[in-house]
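Line by line, the protein sequences give chains A and B.
Position 246 of the first sequence, counted from 1, bears residue number 246 in our numbering, the numbering being contiguous throughout.
Position 247 of the second sequence, counted from 1, bears residue number 247 in our numbering, the numbering being contiguous throughout.
The hints are simulated quantities; they were obtained by calculation from the structure and are not laboratory data.
Worth double-checking, as some hints may not be accurate.
As the list claims (entries may be wrong) - Some, not all, of what chain B presents toward chain A, calculated at C-beta under 8 Å:
| # | residue |
| --- | --- |
| 1 | 58 |
| 2 | 105 |
| 3 | 211 |
| 4 | 214 |
| 5 | 222 |
| 6 | 226 |
None of these values were measured; they are calculated from a predicted model.
Think of the CB as a built atom: it goes at the ideal place given N, C-alpha and C, for glycine as much as any other residue.
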Amino acid sequence: MSDQIPTTTPAAETMTGAAGAEAAVEVRGLNKQFQTASGVVHALEGIDLTVEAGEFVSLIGPSGCGKSTLMRLIADLDVPTSGELTVFGKTATQARLDQDYGIAFQQAGLLPWRTVAANVALPLELHGVASAARRTRVADLLEMVGLTEFADRFPDQLSGGMQQRVAIARSLAEQPRLLLMDEPFGALDEMTREKMQTDLVRIAADTGAAVVFVTHSIPEAVFLSDRVVVMSPRPGRISDIIPMRLDAADGREERDDDLREASSFFEMVTEVREALHGGASDAENPAPRAARGVDTR
Amino acid sequence: MTATRNDQRGEVAVRPANQSGAVANPARTRLLGGFLWGIAGVALIALIWEGYKFFGPDNGVLIGELRVLPRTTDLAMPHLWDMMTRLAEPVTRADGALPLWAVVALAALMTLGIAAAGWAVGVIVGVAFALLMQRWRLAEFGLLPWIVISQTVPLIAFAPIVKSWGSRVEIGSFEWQDWMSVALIASYLAFFPITVGALKGLQSPDRIHVELFDTYAAGYWPTLVRLRLPAAVPYLLPALRLGAANAVIGAVVAEVSTGLQGGIGRLLIQFAGQASGDPSKAWGPIFGAIVLGLVAAGSVALLGIILKDYRRTEEAA
């Protein structure tokens, strides 16, 4: 566990104080079904997953595999049909009410009428943080994402990458022990994307937060994660969980751009790719894919 | 909106810090352009008026029995310059009579005051309805059709009823004044666009923003104050302007149909009755009513300048 001090409500502190090694996210036998006009859609089926405190876990898979749904369930934006889901040992709803997580979506989702600084301050403002404390915190966060001189700009005056950095700063505003990110770099160009990944690795290491990161980019998942969760669609299942054995990965802060060219990086990319395609040997045959999904569940 | 659209072009990543100078120039040019086009439009109407009066037959243009274009006599279509000079002349031949323009201005001012009161009531009622309908879907289903139907009732039909009801209202020392009936009728016309605009605005936040506030465990009121109301501003501003124009129309019509003295509506009727002897005089209050509408809509435009930051949009660059 990290050395980070929980900054949530007193109630949350007493609950977590005793259980320092508690998992950030604990999922057992989770199912989610959607009722649509054309029948019941099994978005998620039999999901088991544990995200340790301070761990960086990526969810990867083709569209429709339920990776975003899983993240929304953790965020309590949706309710599971059945199964167990706890966040720091509490229900997802309680974790949301206690502000145990920060969240960032594919779009930055900044409020256009607020300046960069006011956008980052929004969660602090909503939770009654005094204005002086708010100002210092916002200044720190903007420095962290390298946007100090843009504090007074409005979102429409920033590039997409900058907007996304503001959104990440905002998600970190309350020093959450868990970060939920749904393809936050999906809309960015490749160069900005790599820079943001490097930044995120650094930020996650600095704050010691656990991260659940949804992506459909294999190199992104490999570069960022301690473990990559490979999912398959219809119904959405976890088909494989691959720990990343990267040479430099003892500490996350060691991950830099050199890693992108290391041979261990490419080995891991290959392994994730093969898992995604249901095993290298029978890549042309779709049948074993489902079998494998059942096996590793 | 204009500023945003202007900003969109050209800049790829970040606009230079001194952007205000760069943006102001095209904006000013556009403002000047708009002003010139406005003058050109007025000049065109004047030209058509005088042109038809000069070339058109005295008896107007008739197809069979049907007159499709009006007579061009001085009685039916006074010269524009006659209308203007008439404005400067005294309203009657009595000693110490005010010039026509002053009489019109005073009447317009009174009507503006009544319309403003009606507009204010319309804003309160309209926003209240919108809040109610945004909060409860059922209220939207139940109320919105009635609100639409309310606007199909002709003003003339219920103006006298409002007046007669009003004259019976007496609570303590408060006594219902006739102008209040007129303001009430004005508010009846003003609230409708405001309700519709405010409802659309309150419902306008993207799902991503609503969910973000959910993740912050923000309740109804914080979400309303920090998300829904600011997001409603771009929808509310045109609605308020429409409401202002409606309030003016409502006030003028209600003055006529309740017979309230002193406002521009009354003046319109009174001077129109004198048109056979003094045709230019009848145009005085018409110009007054036009200026009144412009002033009302313009005041709301000022509100838009104050709230300009709320009209920004989030653009993915």
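Hints versus structure:
no.	hint	result
1	58	60 Å, violated
2	105	39 Å, violated
3	211	5 Å, holds
4	214	6 Å, holds
5	222	6 Å, holds
6	226	7 Å, holds
Hints 1, 2 from the earlier list are contradicted by this structure; the remaining hints agree with it.
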